[in-house]
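Enquirer: Protein sequences, first through last, are from chains A and B.
The opening position of the first sequence corresponds to residue 4 in our numbering, with each subsequent residue numbered one higher.
The opening position of the second sequence corresponds to residue 4 in our numbering, with each subsequent residue numbered one higher.
Wrong hints could be hidden among the right ones.
To be verified - Chain B stretches covered by chain A per the calculated footprint, using a threshold of three residues with CB under 8 Å from any CB of chain A:
| id | segment |
| --- | --- |
| 1 | 91 to 99 |
| 2 | 135 to 145 |
| 3 | 181 to 193 |
| 4 | 199 to 211 |
Honestly, the hints are just simulated from the structure, not real lab data.
C-beta atoms are modelled at their ideal positions from N, C-alpha and C, and glycine is treated no differently.
Number of protein chains: 2
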Amino acid sequence: MKKTFTRREVLGLGIGAAILGGCSHAVPVSTPKVEAEPAPVWKFPWDYRTLDIKTTQERAYNAHFKSGCMYGVFEAIVGQVAEKLGKPYTDFPFQLSSYGGGGVAGWGTLCGACNGAAMAISMFFQDKTRNAIINEIFTWYETTALPIFIPGKPVKVAVDYKMPTSTANSTLCHLSINRWVNASKLEAFSPERGERCARLVSDTAGFAADLLNKNAEKAFIPTKEMSDKAKNCLSCHGQGKKAVDEPEVAGKMFCTACHPYTHR
Amino acid sequence: MKKTFTRREVLGLGIGAAILGGCSHAVPVSTPKVEAEPAPVWKFPWDYRTLDIKTTQERAYNAHFKSGCMYGVFEAIVGQVAEKLGKPYTDFPFQLSSYGGGGVAGWGTLCGACNGAAMAISMFFQDKTRNAIINEIFTWYETTALPIFIPGKPVKVAVDYKMPTSTANSTLCHLSINRWVNASKLEAFSPERGERCARLVSDTAGFAADLLNKNAEKAFIPTKEMSDKAKNCLSCHGQGKKAVDEPEVAGKMFCTACHPYTHR
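Extracted from the complex, chain A is given alone in its bound form (with noise of 0.2 Å):
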């Protein structure tokens, strides 16, 4: 026998064919059409998600050898956070922070791994939970022996090759190698200063996924605004500080590092 169905039904089935086809939307009935926004791809500022230190440690070390120090850093905090939220984050365009290499284009301006601390902290959170995670890497960057992480697989030097460590005094690239060229006795150019520049990356995204992992267990006490030694110059060229002819310093730099301490 051949079925027939009434126009209601037919009308139901349509609806219901329509729903089953998994669509958002429902078919129009005599309604007016409401035009929806889009849904945005993600919120922003992200949610953090807790990331494992080693893990972050060597992906940051093979991302550097991928797109360079900024990417290195960003991508092994973003893009694993980006990997346990899914889609759509992990379509962000992680690349972006390639121009950082070298202090910005090789400009020896901020160091990359700075630079891409700062902004994947950024991806987290604004204002001042953002700013005092980066006083504390920064500080850290400035004052701490680097490189620390010994890689399984070293690119650019034999695996039992002794590498130099070097403090900064300085969060400027051209000034962090300088100081690692001056304890190495080694070319600013040479392999085992890529190797060194690679696993000073390695080390920044773990200080800083450490940091975030506390900020999200309410265990972050921030510690440092800036150095001793730039708090020490900023008690009088700071800002309401006047020194005598002197101006005011914006900045939280190592002030040493370029200025000699010549007081009178």
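Once you've looked at the hints, dock chain B against the given chain A.
Expert: Relative to chain A, chain B alone:
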């Protein structure tokens, strides 16, 4: 008369309803379900779209007062292109770039206008083209008396305020500010200095957009890799040109801003 429909007609109507409902899925009709990978949110690098320079300058000026210098340059350029490209480009988290304010979280390192311009260029180009455009911007920034832009409605000063200008001789925030402080005899934390930075952000966004426009018209000819002063220093201290007892320098910054010229 009561109209009736056959089974075949109903099936056709069901599919039609699903399609009319604005759905991308056909009604499943005994065919195996294929889970398609969601399309990427956007391609990267983004396509560039020619920008009006005056509009870009004004947008950067206003954006600066919303979220700082790096955001000002980045949002003025990339935000406008996003609007020309439409969804999902407009969903990009532009606020991300606000971390670079005041030389990154107030540290006085790389000027946020420079950092924001470099990040903006990186949205459209990678590697050589990106670096060539960044070189032009950074060299222009170091060697040009800024600010030039005069807003119709100044935010921090009177409409007839005569803005002092200064040449930064550096891409670093606290040096750039200090040059202007010396030129103006005003405070680093004064409203006038805030106004100066907003106008400098405007200039940098306009200059970068002009280079991007020229590049889109195949009329961008790189003229600078670095300043003539840095080139002079690096002719002995650069890669492969090691001066006696001096390491190679990995950078393109204006050397004599920090290193007095003390040749023997």
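Enquirer: Taking 8 Å as the Cβ threshold, is the statement that the segment 181 to 193 of chain B is covered by chain A upheld or broken by the three-residue rule?
Expert: holds (count 6)
Enquirer: With a C-beta cutoff of 8 Å, work out whether three or more residues of the segment 91 to 99 of chain B approach chain A closely enough for the coverage to hold.
Expert: holds (count 5)
Enquirer: Examine the segment 199 to 211 of chain B: at least three residues should have C-beta closer than 8 Å to a C-beta of chain A.
Expert: With 0 residues close enough to chain A, the hint is violated.
Enquirer: Under a C-beta cut-off of less than 8 Å, do 3 or more residues of the segment 135 to 145 of chain B approach chain A closely enough to confirm the stated coverage?
Expert: holds (count 3)
Hint compliance for this structure: hint 4 alone is broken.
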